[in-house]
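Given next are the chains, with one letter for each unit.
Protein chains: 2
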Amino acid sequence: MTDQSPLGRKLSAFVALSDAELAVLAGLHQRRRVFVAGRDLVHQGQSKQAAYILASGWVCSYKIQPDGSRQIVDFQIPGDFLGLRSVLLRTSDHSFEPIVDIEAAEVLASDLLKAFADTPRLATAIFWAASRDEAMVVEHLVGVGRRDSDARMAHFLLELGSRLALVGIGSKDGYDCPLTQYHLADALGLSAVHVNRVLRQLRERGLVTFRDGHVSFDDRDRLAELAEFDSTYLDHEGPLLK
Amino acid sequence: MTDQSPLGRKLSAFVALSDAELAVLAGLHQRRRVFVAGRDLVHQGQSKQAAYILASGWVCSYKIQPDGSRQIVDFQIPGDFLGLRSVLLRTSDHSFEPIVDIEAAEVLASDLLKAFADTPRLATAIFWAASRDEAMVVEHLVGVGRRDSDARMAHFLLELGSRLALVGIGSKDGYDCPLTQYHLADALGLSAVHVNRVLRQLRERGLVTFRDGHVSFDDRDRLAELAEFDSTYLDHEGPLLK
DNA sequence: CGGCCTCTTGACTAATATCAAAAATGGTGG
DNA sequence: CCACCATTTTTGATATTAGTCAAGAGGCCG
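The listed protein sequences derive, respectively, from chains A and B. Residues 8 to 249 in the numbering used here are what the first sequence lists, from first letter to last. Residues 8 to 249 in the numbering used here are what the second sequence lists, from first letter to last.
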């Protein structure tokens, strides 16, 4: 099985999936839809019962504050679920914005539950992925609460690199990244102006360069040291279930 | 069924549980254990397969940064689970500290899974609770990222009040609270000194008084306004499943 | 060409941390 | 009951971080 979806690739890092299980997973990828950048795909109204698997492109999930500022909770990259929780529960407390044009597979609650029933190991793998997402939110909270702006940015860029590597995007040296400095500001709890300064400073220190939609790690080791980046919450280093 | 556990009370707000279901829930409360304040009940080693239901007392879950600072991710109050995620998965990424002496019921993975299988509605209710916990972490992230120290504190104290009310502790006017200002600082991403100043200022403005282990809402409406507190992510206002 | 993003920079300001130290508080052993 | 110790709360002075305001520069698109 060489040509996997990003989700298949990601889950395979958690659980060794059989061809049959991968086939069920592929079955969930019917119902492709395209969404254009910028227009929110909110999870309310009629599509309440569906989640999406992101096939290509980037999305962010965020909450708007009454004063107009927003906090980006997480970014979704290919292989990630959008709104998985709101399938099982009905709380859809935040919004989703496609950052670029995206392709996503709509997954109906019924299909998902059937897949869970038919292939419990697949269900386990998906629970794993969901749990990792939650761990990332926790790590994000720690970053915003306890890291200064440099370390926060460094940590963020490294984490994203690791996540992308897991789905086969980018390399050790860097990756393409469509985020604007406003996205970074909203995610990191900083002002856009300050984001710009932090990026410049990291670049001038020879640690990392973010320019023209591309992140280049100039000195990954020193960057990881500055960020105190420990990727154990992301790496489950090889399938845990065989 | 008058005399419920805090967990039973909380879940009943989500899902109307039958006597049989409440009985299964009560069955999970065997194996009472006591833990003393301050000594971490880490979720590693032999007890990897167990979670706890907190029966009395307060606990916090936190992560320590390499530089020694810590970020409290959440507080657990009676009726909350400790380490629910680490039963299903094996990642136990943060630590738990009992803030006062606590009583907790140990729940083995096998018992929990059996309960889920026997009483699916109970499983649904527990998923709901877990999802609410995640929503709280997200709200916490938003607070640390996008609220100034006053609003952060105000929001925190109000949220805690709502949570306590749900399990029948405290009243509209306030509640007993064993947290020190250091706990508040670690949770809110502030320094302890600043926490003190913020509390003084809120007290002097006649909004809320936190003193001698007791939180008193002096003017709940103005406090909620300052905090931009919207409790919809906590209130599911009455059972959703009948 | 003109408008709209995004990025960049400078000057100034506000929020919060840090350092230091004193007052309460609570528990403990004598 | 008292003296002592550790913890928690409180306050002041000062330092640092990051935000706000303002403005210009470069691209991209219609």
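Heads up, some of the hints might be wrong.
To be verified - Among the chain A residues that face chain B by a calculated CB cut under 8 Å, a handful are:
hint: 1; residue: 78
hint: 2; residue: 100
hint: 3; residue: 106
hint: 4; residue: 123
hint: 5; residue: 143
hint: 6; residue: 145
hint: 7; residue: 153
These aren't lab readings, by the way, just hints derived from the structure by calculation. The C-beta atom is built at its ideal place from N, Cα and C for all residues, glycine as well.
Going down the list of hints, with the structure as the test:
This hint holds: residue 78 of chain A has a C-beta 4 Å from the nearest C-beta of chain B, less than the 8 Å allowed. The beta carbon of residue 100 of chain A comes within 6 Å of a beta carbon in chain B, closer than 8 Å, and the hint placing it at the interface holds. With its C-beta approaching chain B no nearer than about 19 Å, residue 106 of chain A sits outside the 8 Å limit, and its interface hint is violated. Taken as an interface hint, residue 123 of chain A does not check out: its beta carbon lies about 13 Å from the nearest beta carbon of chain B, beyond 8 Å.
Taking 8 Å as the C-beta contact cut-off toward chain B, the hint placing residue 143 of chain A at the interface is violated, the least distance being around 11 Å. Evaluation of the residue 145 of chain A hint against chain B yields a held restraint, the C-beta minimum of about 5 Å falling below 8 Å. For residue 153 of chain A, the suggested interface contact is upheld, since its CB lies about 5 Å from the closest CB of chain B, less than 8 Å.
Consistency note: the structure conflicts with the earlier hints numbered 3, 4 and 5.
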